[in-house]
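One line per chain: the protein sequences are A and B, in this order.
First residue of the first sequence: 494, per the numbering used here; consecutive thereafter.
First residue of the second sequence: 4, per the numbering used here; consecutive thereafter.
The set of hints was computed from the structure by calculation and includes no laboratory data.
Keep in mind it's a predicted model, so treat the numbers as computed, not measured.
Some hints here could point you the wrong way.
Stated by the list, open to error - Some chain A residues flagged as far from chain B (calculated, every beta-carbon gap over 12 Å): (1) N508; (2) S518; (3) S534; (4) I541; (5) W589; (6) L596; (7) S634; (8) A672; (9) L684; (10) I691; (11) F718; (12) I724; (13) I739.
As the list claims (entries may be wrong) - Capping the alpha-carbon separation at 35 Å, the derived lysine-lysine pairs in DSBU-like fashion look like this: (14) K723/A with K124/B; (15) K469/B with K401/B; (16) K263/B with K438/B; (17) K405/B with K783/A; (18) K469/B with K248/B; (19) K469/B with K450/B; (20) K438/B with K723/A; (21) K723/A with K449/B; (22) K783/A with K263/B; (23) K248/B with K401/B; (24) K563/A with K723/A; (25) K783/A with K256/B; (26) K256/B with K563/A; (27) K110/B with K35/B; (28) K783/A with K679/A; (29) K783/A with K438/B; (30) K438/B with K449/B; (31) K256/B with K723/A; (32) K723/A with K248/B; (33) K449/B with K783/A; (34) K124/B with K35/B; (35) K563/A with K405/B; (36) K110/B with K783/A; (37) K248/B with K110/B; (38) K263/B with K563/A.
The C-beta atom is built at its ideal place from N, Cα and C for all residues, glycine as well.
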Amino acid sequence: MGLFKLTPPFLSSTNRVTDHMLQLSLALFPAIIALVYYFGSGVLINIILAIVVAIASEALMLNLRQRPLKPYLSDGSAIVTALLIAVALPPLSPWWLTTVGTLFAIIFAKHLYGGLGYNPFNPAMIAYVLLLISFPVEMTSWLPIASLAESQVTFSSALQIIFTEQLPQQLSYDAISAATPLDMMKTQIGLQQTPSQILENPLFSRFAGEGWQWVNFWFAIGGIFLIYRKIISWHIPVAVIVSLAIIAFITWLISPETTASPLFHLFSGATMIGAFFIATDPVSGATTIKGRLIFGAGIGLLTYVIRVWGGYPDGIAFAVILMNMLVPLIDYYTQPRVYGANR
Amino acid sequence: MRQLGSFPGGLVLDGHKNRSTHLAIRQAPLSKTLILPLQQHIGEASVPTVVIGERVLKGQMIARANGHVSVNLHAPSSGHITAIDNQDIPHPSGLSALSISIETDGKEQWAPLIKTDNYQKLSAHDLRQNIRYAGIVGLGGAGFPSFIKLNPGIHHFVDTLILNGVECEPYITCDDMIMRERAEGILDGIAIMRHAIKAKSCIIAIEDNKPEAITAMQIALAQHSDHIDTEIVIVPTRYPAGSEKQLIQVITKLQVPNNKLPIDIGIVMHNVGTAYAIGRAINHGEPLISRIVTITGQNVNKAGNLEVLLGSPIRDLLDFCEATTQNPSQLLLGGPMMGYHLTSCDLPITKTSNCILAGVENAVTEPMPMPCIRCGECATACPVSLLPQQIYWHARAKELEKTQEYNLFDCIECGCCSYVCPSEIPLVQYFRFAKTEIMNQEDEKKKSNVARIRHENRQTRQETEKREKDLRQQRRKATLASEHVDKETS
Numbered sequence: 494m495g496l497f498k499l500t501p502p503f504l505s506s507t508n509r510v511t512d513h514m515l516q517l518s519l520a521l522f523p524a525i526i527a528l529v530y531y532f533g534s535g536v537l538i539n540i541i542l543a544i545v546v547a548i549a550s551e552a553l554m555l556n557l558r559q560r561p562l563k564p565y566l567s568d569g570s571a572i573v574t575a576l577l578i579a580v581a582l583p584p585l586s587p588w589w590l591t592t593v594g595t596l597f598a599i600i601f602a603k604h605l606y607g608g609l610g611y612n613p614f615n616p617a618m619i620a621y622v623l624l625l626i627s628f629p630v631e632m633t634s635w636l637p638i639a640s641l642a643e644s645q646v647t648f649s650s651a652l653q654i655i656f657t658e659q660l661p662q663q664l665s666y667d668a669i670s671a672a673t674p675l676d677m678m679k680t681q682i683g684l685q686q687t688p689s690q691i692l693e694n695p696l697f698s699r700f701a702g703e704g705w706q707w708v709n710f711w712f713a714i715g716g717i718f719l720i721y722r723k724i725i726s727w728h729i730p731v732a733v734i735v736s737l738a739i740i741a742f743i744t745w746l747i748s749p750e751t752t753a754s755p756l757f758h759l760f761s762g763a764t765m766i767g768a769f770f771i772a773t774d775p776v777s778g779a780t781t782i783k784g785r786l787i788f789g790a791g792i793g794l795l796t797y798v799i800r801v802w803g804g805y806p807d808g809i810a811f812a813v814i815l816m817n818m819l820v821p822l823i824d825y826y827t828q829p830r831v832y833g834a835n836r
Numbered sequence: 004m005r006q007l008g009s010f011p012g013g014l015v016l017d018g019h020k021n022r023s024t025h026l027a028i029r030q031a032p033l034s035k036t037l038i039l040p041l042q043q044h045i046g047e048a049s050v051p052t053v054v055i056g057e058r059v060l061k062g063q064m065i066a067r068a069n070g071h072v073s074v075n076l077h078a079p080s081s082g083h084i085t086a087i088d089n090q091d092i093p094h095p096s097g098l099s100a101l102s103i104s105i106e107t108d109g110k111e112q113w114a115p116l117i118k119t120d121n122y123q124k125l126s127a128h129d130l131r132q133n134i135r136y137a138g139i140v141g142l143g144g145a146g147f148p149s150f151i152k153l154n155p156g157i158h159h160f161v162d163t164l165i166l167n168g169v170e171c172e173p174y175i176t177c178d179d180m181i182m183r184e185r186a187e188g189i190l191d192g193i194a195i196m197r198h199a200i201k202a203k204s205c206i207i208a209i210e211d212n213k214p215e216a217i218t219a220m221q222i223a224l225a226q227h228s229d230h231i232d233t234e235i236v237i238v239p240t241r242y243p244a245g246s247e248k249q250l251i252q253v254i255t256k257l258q259v260p261n262n263k264l265p266i267d268i269g270i271v272m273h274n275v276g277t278a279y280a281i282g283r284a285i286n287h288g289e290p291l292i293s294r295i296v297t298i299t300g301q302n303v304n305k306a307g308n309l310e311v312l313l314g315s316p317i318r319d320l321l322d323f324c325e326a327t328t329q330n331p332s333q334l335l336l337g338g339p340m341m342g343y344h345l346t347s348c349d350l351p352i353t354k355t356s357n358c359i360l361a362g363v364e365n366a367v368t369e370p371m372p373m374p375c376i377r378c379g380e381c382a383t384a385c386p387v388s389l390l391p392q393q394i395y396w397h398a399r400a401k402e403l404e405k406t407q408e409y410n411l412f413d414c415i416e417c418g419c420c421s422y423v424c425p426s427e428i429p430l431v432q433y434f435r436f437a438k439t440e441i442m443n444q445e446d447e448k449k450k451s452n453v454a455r456i457r458h459e460n461r462q463t464r465q466e467t468e469k470r471e472k473d474l475r476q477q478r479r480k481a482t483l484a485s486e487h488v489d490k491e492t493s
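Next comes chain A alone, as it looks inside the complex:
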């Protein structure tokens, strides 16, 4: 304990960044289990691959930037980024897709901006958008729900598909690729079907998508755990969900024949992971209370606009990045009223 090194206060809470990241990872677990249950073990392979690449590239960048390895590697932020990328990618994505995404997130979106705390955009979402624009085919080849698939993908065949991109003999290409509920809804509405007709398809299990709705449910549970543990505040997730629900409800009221219900929007695609795990990234998100409400509402709104009127089936990633750009402005204009101030 040096004489002048320490400055008041001399007390500190035990709350640490590493702890935040650990609890975040923990909260992702129920949804990961659900993903494995519905989409097979490919999800796990993605996760392990992404974590290995993330840690390696994080170490490389820290080394190049001459930062101490231990404290920065153990903060866990690279692992969280890796987890978010891995669960956002299709379960049988080729290895290079996951690798390119993770490398881009860690090297470009994070370290070239100054590393942890300095990235203006959410690294996982930057990676996702890069992959979606560059490799649209691979990014939209989702595996059908296990229970609806003609044949099951075993762990070894998942390994083979991911690392060699060769289909095992017993599997056809059709067996490992299907439209997601959001995809299906969008194309079928384009074909003049009404949402209620579309929901008859077993893919939806009459609600928001077989499997998908439960994955969303478990993401929401994990998110509520984070709010309970005070790792995230409720403002952003609630704002995302409420604004998405409101605009979906309004358009659904106006035109129920051409738009899906608000509940469909809430429980399909990446809504819940987006609301609770992605939009709540503190570094790239708004930091004031009012600002978080505006930030979240913007994401909900943009997500809906992109899903329904845009070119992509899901819009969370774009919405988050677009709102990231507005963060400095939002924070500046939503400063809380300071003690004794007039306004």
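Got chain A; can you put chain B on it based on the hints?
Here is chain B on its own, set in the frame of chain A:
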């Protein structure tokens, strides 16, 4: 029951107060040498009225107030003046300042005291002057001359006098103990203060973690029916509830407007220890020559509160309380949230020293600040609703104007933000740095303005001189020419 307000943020901290409340207030031993810095208060340093070698009596004035914002200083014990020179003083940056040193003779011989039998016969003005002559300053920590705060001015009406017995910093118990043991003395001081400011009502605010103090004050109040409209308000324990503005918010639900004082909303606040000192000064004629100091911490065997003569070296107090360390790097002056490290054990106790803390439990050891992840915990903890994460960002980048746009100067440096920061960033340090930088820049600006004006004046002066010189030359030439013509024509 009064409906209490609250302030945003704040912290519920482990108080560690029991450590120093087992023993009653003890008299600290008389030290051989007392060192009395001439400035123990906010404002102008006082001016010595004694010379080296002079014998002084206990309670005798040794330095007089200089200017309005200043108070007198008195000899805490009888003895001889041995030096009037620069001595190290308790200060975060280890400064030294002009001080008077007294070698005590152990006789404790008092100077004649002028006490007032009935303070009510004195005018408010005379009371204030007596309080000023007695050298009384705010004993809660800031050390602002008390007589100024007892002068509401003709345009103000005092609604409430609030006595601050909150003492929200962990470990410190000097106010707690003075309330437990000297409740009547505090009430005496309150009566005098109310007479001086004509306060309509009085509130004694005590945090709910001090039940003994609350009971003691309640009993004393019940026995003195002359204290009308006086209420003891129990406030929830939450740091920094003892900060003036925050306490006003808790008690009245009002906020002191920006750039205004509590008096502008009809409130005057004084510390309970100050009230006691005022009572002693007016009713007994004793100037402020001692104060209660908490000596506590992990490394103190007989922790407790001492009545300490001003100027006593901290080392003697640590010895008396059987502290196991004399290493200054393990000593704090003040509490663990806002206190600072001492540079030496030989520093003297001053009017504002409330606590010597030797060994903080679960203290920060080796902070390894990580980058800010903008989690916003600091903003949630901030009792003035600042955005520490944003101010930090701009302070780090030295964008000082931006820090002001985020209201840097409203920061009360309570340390809540640093406490909760998961990245262990010394936020308060950054804010102090930014404040100092801004003040320095403004000083520089003022100085350079003065220099510029001086330069411009000099230029105009030089130009005028040159013009006059030219004119004179032309005139001379003209006269010479005409003389020449005259000669030729003659």
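Results for each hint:
no., hint, in the structure
1, N508, "5 Å, violated"
2, S518, "15 Å, holds"
3, S534, "33 Å, holds"
4, I541, "25 Å, holds"
5, W589, "30 Å, holds"
6, L596, "21 Å, holds"
7, S634, "35 Å, holds"
8, A672, "38 Å, holds"
9, L684, "45 Å, holds"
10, I691, "41 Å, holds"
11, F718, "17 Å, holds"
12, I724, "9 Å, violated"
13, I739, "25 Å, holds"
14, K723/A with K124/B, "60 Å, violated"
15, K469/B with K401/B, "46 Å, violated"
16, K263/B with K438/B, "20 Å, holds"
17, K405/B with K783/A, "20 Å, holds"
18, K469/B with K248/B, "60 Å, violated"
19, K469/B with K450/B, "28 Å, holds"
20, K438/B with K723/A, "32 Å, holds"
21, K723/A with K449/B, "47 Å, violated"
22, K783/A with K263/B, "28 Å, holds"
23, K248/B with K401/B, "29 Å, holds"
24, K563/A with K723/A, "26 Å, holds"
25, K783/A with K256/B, "23 Å, holds"
26, K256/B with K563/A, "48 Å, violated"
27, K110/B with K35/B, "12 Å, holds"
28, K783/A with K679/A, "33 Å, holds"
29, K783/A with K438/B, "27 Å, holds"
30, K438/B with K449/B, "17 Å, holds"
31, K256/B with K723/A, "28 Å, holds"
32, K723/A with K248/B, "28 Å, holds"
33, K449/B with K783/A, "39 Å, violated"
34, K124/B with K35/B, "40 Å, violated"
35, K563/A with K405/B, "34 Å, holds"
36, K110/B with K783/A, "67 Å, violated"
37, K248/B with K110/B, "44 Å, violated"
38, K263/B with K563/A, "49 Å, violated"
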